[in-house]
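J.: Single-letter residue listing:
2 protein chains.
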Amino acid sequence: MDLWYTEEHSKDVRFSIKVNKQIYTKESKFQRIDILESEEFGKILTLDGLIMVTEKDEFIYHEMITHIPMAVNLNIKKVLVIGGGDGGCVRELTRYKTIEEIHMVEIDEEVVKACKEFIPKTACKLNDERVKIFYQDGLRFVRTKENEYDLIIVDSTDPFGPGEGLFTKEFYGNCYKALTEDGILVNQHESDYYTDYANSMKRAHKRIQEIFPVCQIYQAHIPTYPSGHWLFGFASKKFNPLRDFKEEEWNKLNLQTKYYNTKLHRGAFALPNYVNEMMVINEDE
Amino acid sequence: MDLWYTEEHSKDVRFSIKVNKQIYTKESKFQRIDILESEEFGKILTLDGLIMVTEKDEFIYHEMITHIPMAVNLNIKKVLVIGGGDGGCVRELTRYKTIEEIHMVEIDEEVVKACKEFIPKTACKLNDERVKIFYQDGLRFVRTKENEYDLIIVDSTDPFGPGEGLFTKEFYGNCYKALTEDGILVNQHESDYYTDYANSMKRAHKRIQEIFPVCQIYQAHIPTYPSGHWLFGFASKKFNPLRDFKEEEWNKLNLQTKYYNTKLHRGAFALPNYVNEMMVINEDE
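Protein chains in written order, with our numbering: chain A, 46 to 330; chain B, 46 to 330.
Pulled out of the complex, with its shape left as it was, chain A reads as follows:
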């Protein structure tokens, strides 16, 4: 059986994976959800045909979106995850005993159901007693919140389809309001390489920069995302991700990670010139 999944990284670039079988497919109210099984990457979750998670490298994305902000403020008690229906982000957060509450707002309950059944590797901690899941639109949810969360993680799809509202200025403004004075906002920030992704990235960065006094970008190597060069946004009301980095304290926690480490934390913020130029980063932030 010669079955191949293909994702278009641009109109002229395709990434294809040999698939053993399709183990789940559903057209939910919001998007098409598929789970594929492959030799090279294990199970793969796609939404509207785009890779969200593979068992082989999901650890890179999920470690980098959680441990970077946690290592800057180890006093984070209450966290909001927007999106993240696969559960990988929540899994990493539950490793911190100091976190008291994790709210996850996922628009599509079907994603959570499918991952709980077929990708327990990421969904394994969604039943942790500190976790409360809201099946709602993240944009609306966050509108009603004020001074409540120490950390908001936007683990969204790309800004096409259901994730679109999570890249707007209104949304970032509401996040600012929903955060405490120690608040940090981390979001998946698309990529710098292919034009459509780079445009989303630049737009998002500009909007966040207009609202948050600290706004930096960091990077990771995620081979199954377009170009493999993936970016995250770190925005906050006061914490600088390098000057306020609690390197020693984080290492004392003795968390075992497969990608993240405290040397890499610093390295992740050292962007190539061509990426810096795209964003005109303010170095004094």
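Just so you know, the hints here were simulated from the structure itself, not pulled from any lab data. Among these hints, one or two may not hold up.
No copy is singled out in the list; a pair is fine if it fits within one copy or between any two copies.
[Unchecked claim] With a cut-off of at most 25 Å between alpha-carbon atoms, the simulated SDA-like pairs for lysine to any residue come out as follows: (1) K297 x R311; (2) K63 x I96; (3) K303 x F314; (4) K101 x R59; (5) K74 x F186; (6) K308 x N285; (7) K190 x K308; (8) K297 x E82.
If you're wondering where the values come from, they're calculated on a predicted model, not measured in any experiment.
Based on the hints, put chain B in the right spot on chain A.
T.: Chain B alone, transformed into the frame defined by chain A:
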């Protein structure tokens, strides 16, 4: 016209690029050489069907293989490039006025001819008066040299086909002998992600480590190479790539680069845990 070039990153993973036209193809004595023209990446050089250079992102590879060692020892006068027939590595080296001689040993004259004709973007400095090209087997060439070069850059193909000898212990031993006491060896070091590449990388690292007192790995994001997470080896007789890094002096040269910068120099050596574990890097080196 729907014409697609496809590279297999593993037996189950394919990367495909829409091609406008094939502008050159030749079966040389050593390998098959092709140059393709594409919308997304500009011109593309492939050897035996594998991407070596694309006009869109060649700067990443060529900057990272040259500026990292140069920024560690700004007194480098004589350089040997092994492979590198596209000329990109030589182009970056010629930007240093302090370099007096560049020897390039390329086994396949046809690669140089083709790049001079069709990819002047990389081949533009092969006629620099400091450059001397030897069309020979790099493995044999380096055997006859002793205490001659301050820097050897191994800009080879993968260790399958003509590049194979450039990943052997004998070769690394001869490089050691060919280097002066200040000598640095930098090589393209494959990738950590897909099994075949990761095995080559681990083997190469072990062999270099047996010969050179300093042996470290650094990384770059190269979207058109398998997984996009590409590694380079930095080996030397005495210089440590971070402790001996001439950050300030390098910045004073005021070279304009598109990827490399001195913050990124440090960041490039901060590898993910899973890569460190593959190589059991000696942190005290």
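J.: Could you tell me which of the numbered hints above are not met by this structure, giving the numbers in increasing order?
T.: 7 and 8
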